[in-house]
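Peer 1: Protein chains in written order, with the UniProt record's numbering: chain A, 1 to 357; chain B, 1 to 357; chain C, 1 to 357; chain D, 1 to 357.
Since the hints were derived computationally from the structure, they do not count as laboratory data. The C-beta atom is built at its ideal place from N, Cα and C for all residues, glycine as well. Any given hint could turn out to be false.
[Said to hold, decoys possible] Examples of chain D residues toward chain A, derived with CB under 8 Å: (1) G22; (2) R26; (3) V29; (4) H31; (5) F33; (6) E35; (7) P54; (8) L56; (9) H128; (10) N250; (11) R251; (12) S285; (13) G343; (14) S345; (15) T348; (16) L355.
Number of protein chains: 4
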Amino acid sequence: MSENAEKKIRIGILGASGYTGGDLVRLLVRHPFAEIAFMTADRHAGKSMDTVFPHLFGQELPPLISVDEIEWGLVDVDVVFCCLPHGTTQEIVRQILTENETIRVIDLSADFRLDDTDVYAEWYGHEHYATDIQPMAVYGLPEYYRERVAKSRLVANPGCYPTAALLGLLPLVEQGLIDTTDVIIDAKSGVTGAGRGLKENLLFGEVAEGIHPYSVASHRHAPEIEQEIAKHAHGAETHVNFTPHLMPMNRGELCTCYVRMTGGATVADLRRTFEARFAGEPFVSIVPEGVTPATRHVRGSNYCLVGLYQDRIPNRAIVVAVIDNLVKGSSGEAIQNMNLMFGLSELTGLEQAPLFP
Amino acid sequence: MSENAEKKIRIGILGASGYTGGDLVRLLVRHPFAEIAFMTADRHAGKSMDTVFPHLFGQELPPLISVDEIEWGLVDVDVVFCCLPHGTTQEIVRQILTENETIRVIDLSADFRLDDTDVYAEWYGHEHYATDIQPMAVYGLPEYYRERVAKSRLVANPGCYPTAALLGLLPLVEQGLIDTTDVIIDAKSGVTGAGRGLKENLLFGEVAEGIHPYSVASHRHAPEIEQEIAKHAHGAETHVNFTPHLMPMNRGELCTCYVRMTGGATVADLRRTFEARFAGEPFVSIVPEGVTPATRHVRGSNYCLVGLYQDRIPNRAIVVAVIDNLVKGSSGEAIQNMNLMFGLSELTGLEQAPLFP
Amino acid sequence: MSENAEKKIRIGILGASGYTGGDLVRLLVRHPFAEIAFMTADRHAGKSMDTVFPHLFGQELPPLISVDEIEWGLVDVDVVFCCLPHGTTQEIVRQILTENETIRVIDLSADFRLDDTDVYAEWYGHEHYATDIQPMAVYGLPEYYRERVAKSRLVANPGCYPTAALLGLLPLVEQGLIDTTDVIIDAKSGVTGAGRGLKENLLFGEVAEGIHPYSVASHRHAPEIEQEIAKHAHGAETHVNFTPHLMPMNRGELCTCYVRMTGGATVADLRRTFEARFAGEPFVSIVPEGVTPATRHVRGSNYCLVGLYQDRIPNRAIVVAVIDNLVKGSSGEAIQNMNLMFGLSELTGLEQAPLFP
Amino acid sequence: MSENAEKKIRIGILGASGYTGGDLVRLLVRHPFAEIAFMTADRHAGKSMDTVFPHLFGQELPPLISVDEIEWGLVDVDVVFCCLPHGTTQEIVRQILTENETIRVIDLSADFRLDDTDVYAEWYGHEHYATDIQPMAVYGLPEYYRERVAKSRLVANPGCYPTAALLGLLPLVEQGLIDTTDVIIDAKSGVTGAGRGLKENLLFGEVAEGIHPYSVASHRHAPEIEQEIAKHAHGAETHVNFTPHLMPMNRGELCTCYVRMTGGATVADLRRTFEARFAGEPFVSIVPEGVTPATRHVRGSNYCLVGLYQDRIPNRAIVVAVIDNLVKGSSGEAIQNMNLMFGLSELTGLEQAPLFP
């Protein structure tokens, strides 16, 4: 552990009252080198965190404040986690990075994930408000950008679906084992992936005891996944079919990826590739043959489980990846990035075993 | 309505203590022309039905008996529904049809669904015990075999997944609009699809708050779907990828079908084809553009909703079909078949609106 | 069936876009003598009902309108169901009854349930806006006010909790078998009892996988229950402890009532009293000894199940009553009242068996 | 921290394949001073733990063995946790304590919880098989028997319901503030409280979307609660009404206790009593006025939250206590006891924040 670890990392959190913010705090209060300096939640400014998230009772936490109360040039924090809604983060991140020379930012929104700001504008419905700093952003998938994350001042934390899908696909893409023009991702997520906003379609009565697809072939995580696949595809054309479904559960995300193998590759080849690629990874595990990954077996943890199967259609294979969308798909991955940025073991504060049942 | 309807149809049920049997009884007690003459449940013989299914309290139902108590040559019933486990039905159905000249059988197991008894043996792990009567069986998907069902003495009621998948695919297959060698069906089902048996993986603790695939590329409904697609594919080769997932809910089944369009077909062509094909169908409905089908909107009912979407991958389309696995996927479809066999309107006893929430 | 039944009852529904309105429509579309003439939903005026409730697809229903569009003096309906929020109903009901001499009203809100308008004002936080017509209102618990309901122009449909609690207590109260100063009702309800409003505490993320009490000793159904118990208590003092809990499920309500028996009464006495009192009731059933009522066994139906148990504390007994809060606790009971008002069998349109699982 | 902590505590677990065993292992693998030496599961002997509990993948754990493989006189462990079913533990615990002079036992079954072995025989339906060692057993509710636990060789870990109920009642009982002849406990529990056995009533289909009471006035936790209340009641007569209900959720337990205050006590008095009594307790917290405890806010943690409310019935109060039945109600409390027995801080290994949502 580096010298940075000897003193605590001072942390600010923007947008602490959503589920992402709540899970970030849940993990940080047990992180041995983390110290939460401030938390913002504009609608709840002045309240204690445990009025917003009663499960955080008894923790020593600062009261929620408004983001306007912070003077970025003066505030004494080492890192800021942005858990604000998409589209509201770009300007504030530019302000932070401009007004303060040392603060580093981990953005959990989608605002800096797409390298091409035109693609951003197309999918998010408004121009990118900080095109000048976009080039600073590192896509924070530690398994692929570990070294760059460590040195970065601005980490764009991946989306939940992209995290699962990319861990299930990139090893195959980078080895040229699958056809990148025919990647079908059937994704399923618990409701916390949709946030804590007051929307009718998130009411218990509308979610329990039923399932449905949404944003069919039009979800914003599609270009994000395509961008990363394309980066590792050695120039090959890339088309990703991404169809998410809402599940009657709180946590958990599963991507069933249907891929066409190329060059005579077999599922055994795919398995060897995965095992080699992720051999040393602390948070990615390949399940044994005959086992199927289940979201409930990673609940509350930062782990990703990947399974591989021969399809009945010749030359097709199926890859299944599961994560907890709030942890490895969001807050846990953000802490993993923080650990990298401050020279800690990636595992720090993230070792707890999944909660089952 | 035919003269047959003037008197009640006398009904026997084999295996009434499972979820399929329970839902069959739930529907039949409100069917205006149905009269339940006997119900068997070997483990529960001698009990009243409401000790096994308390929600059926207050109904006038005969006590559960053992199948051995029935003398098939003498028993006065018009139709027998078999809700026995796969593999246990073939011999008893042969016995019924042989010993009694008038009883007609609707088999809700998989025992007579596969035309080729060798394929049956391969997938179900034992030889077919009634190869001689297999040719009598009509695959009971009313939307495709209405006339044959009406005249049949032995209806093989389709599996739940095949019902949803075939209603979402056959109109496209028969018009030659999709490539039948590249059909990917990502299916999701509530737990009642797996029955009421005592298995650890069906415990609440193992199912709630999580999802997982099972029988990946090896589920027995795959050959059943392939058989029916092949029948309508005008001789084209057929390969179906079928991957089911277990959902933390009781009822509901959703098939997300990823298909490759051929001959320059567009999603608009597909929609027109569906609308024309199912225009007069009482139980199949195409959702409007921009709407996505949800299982909760057919809960408890015999309806199937189908949605159609352009994929982001060129020339690919997505078809989504939802049903209640216990109704349109099992007991309701069986009653629809009974209605056909006895000259009733298919809607009889099946008109109730879905229960939401 | 009376002559009234020969033509359809023309029905108006105010506030059709909530869960109560949705379930009312679900039941009415299958009621053989009901015809829905109009439905209002101010926020959704102009939309079709199936955009608000997709499970009602394919039904022949008028479009949603705004309540302002109705001219009460001219509109041709026989009965109006009010499914508006508490506090918004009093003035409109007065308007209906004043401007139209024939329309009868079944109010599913709490606005006319409390005989004493001062008690109303105390518990609902504002004055009663229609004190003049309050005396017209009949409390619509059919098992107790059948004859008065039949003749009434204004039925105050009971609250969901009061329906279950009163069916479990009134037979004992009217026979003087329990101490009415020490009635403890521990109640549990599914979320649909709280409506379809956009409140954080109704989000799936806040409800699933957990339980909690709410409105402890301060819920508005307490005075409603007390009023009805006092009416049947032959002048005895009445104190009711009512504590509701929110359950992670959609439908179902269970009241566990802890009562102190008086005058040497035994649980056997209580059972006999229940059986005698409810012998002819179509919708109330006493479960056999050794059986416990479960909400899932009345789901979707208008039934109430009651169970009786000896307590371990001497002279104490436990009464358990279950209903579906949206049916017997709301829309089903309202239709039962409508049937009474229009001379139909109470069972009409309410015969469907519970949906389990 | 004492010198005992300098080396790891070597641990054996009997019956590791149930939910209690699984949660014990989940917590112990992150306990800094714990080392699991062996785990038994007779039906699964020879398997790895992660085939039985896939969420424990990647942990370094010994394979499951049969209990017969252990030579108690030779085995090198410091403590044995017994997670065996009720009735199967007494003889094996006697064997352990007899054949080995140093091993200490924490029994999570009910086998040693009742001081009076006749009461045990009456409630558990068979004679007590180790009446000779029953006097050694200390009831392991740390908040009340801390010192005795620390010195004990045999700790009877409390039942889940008793833990919640007693923490909500004992402070009032010991101060003489409530009438111990009229204690009504309406309890609600998630299904994991009933174990992982193959029983029809634990299937998802039988549990989801519904609630019901069970073992009404006859649950085995009633005498356990009564025993402990009586011990602190200064000789007063004690009658407890205990009625549990099954909830459609995995984890969480809530006791709503209806008590009659004596001697003019007020709810304010009760609150002060609780605050004083539990001021230094690491795992018990009194929620502020106006707040209601929710099981989801302690999920996965060892905390107990208690709330206090004035009843509407004069002189009555309501106490609500919530825990996670598998943690504070079972495995977490067992580890808390282990910490006490080995001179560690009670918090060791139990600090993780609740998982919400």
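Peer 1: Please check whether P54(D) passes as an interface residue: C-beta within 8 Å of a C-beta belonging to chain A.
Peer 2: 5 Å, holds
Peer 1: Does G343(D) hold up as a contact with chain A if the rule is Cβ-Cβ below 8 Å?
Peer 2: Violated, because the Cβ-Cβ distance from G343(D) to chain A comes to roughly 23 Å (cut-off 8 Å).
Peer 1: Tell me if the interface restraint on R26(D) is satisfied: Cβ within less than 8 Å of some Cβ in chain A.
Peer 2: OK, holds: R26(D) within 8 Å of chain A, min 5 Å.
Peer 1: Quick check on H128(D) please, does its C-beta sit within 8 Å of some C-beta on chain A?
Peer 2: With a closest approach of 32 Å, the H128(D) hint is violated.
Peer 1: Minimum Cβ distance from L355(D) to chain A below 8 Å?
Peer 2: 5 Å, holds
Peer 1: Please check whether R251(D) passes as an interface residue: C-beta within 8 Å of a C-beta belonging to chain A.
Peer 2: 7 Å, holds
Peer 1: Tell me if the interface restraint on S285(D) is satisfied: Cβ within less than 8 Å of some Cβ in chain A.
Peer 2: At about 6 Å, which falls below the 8 Å cut-off, the nearest Cβ of chain A leaves the hint on S285(D) intact, so it holds.
Peer 1: Classify the hint on S345(D) as holds or violated, based on whether any CB of chain A lies nearer than 8 Å to its CB.
Peer 2: 15 Å, violated
Peer 1: Let me know if the C-beta of E35(D) comes in closer than 8 Å to any C-beta of chain A, holds or violated.
Peer 2: Since chain A brings no Cβ nearer than about 16 Å to E35(D), farther than 8 Å, the hint is violated.
Peer 1: Do the numbers back the hint for G22(D), that is, is its least Cβ distance to chain A under 8 Å?
Peer 2: It holds, given that the least Cβ distance between G22(D) and chain A is near 7 Å, below 8 Å.
Peer 1: Interface hint check: F33(D), Cβ to nearest Cβ on chain A, cutoff 8 Å. Holds or violated?
Peer 2: 15 Å, violated
Peer 1: The hint names V29(D) as touching chain A; please verify it with the least Cβ-Cβ distance against 8 Å.
Peer 2: With Cβ-Cβ at 6 Å, under 8 Å, it holds.
Comparing the model with each earlier hint shows violations of hints 4, 5, 6, 9, 13, 14, 15; every other hint is respected.
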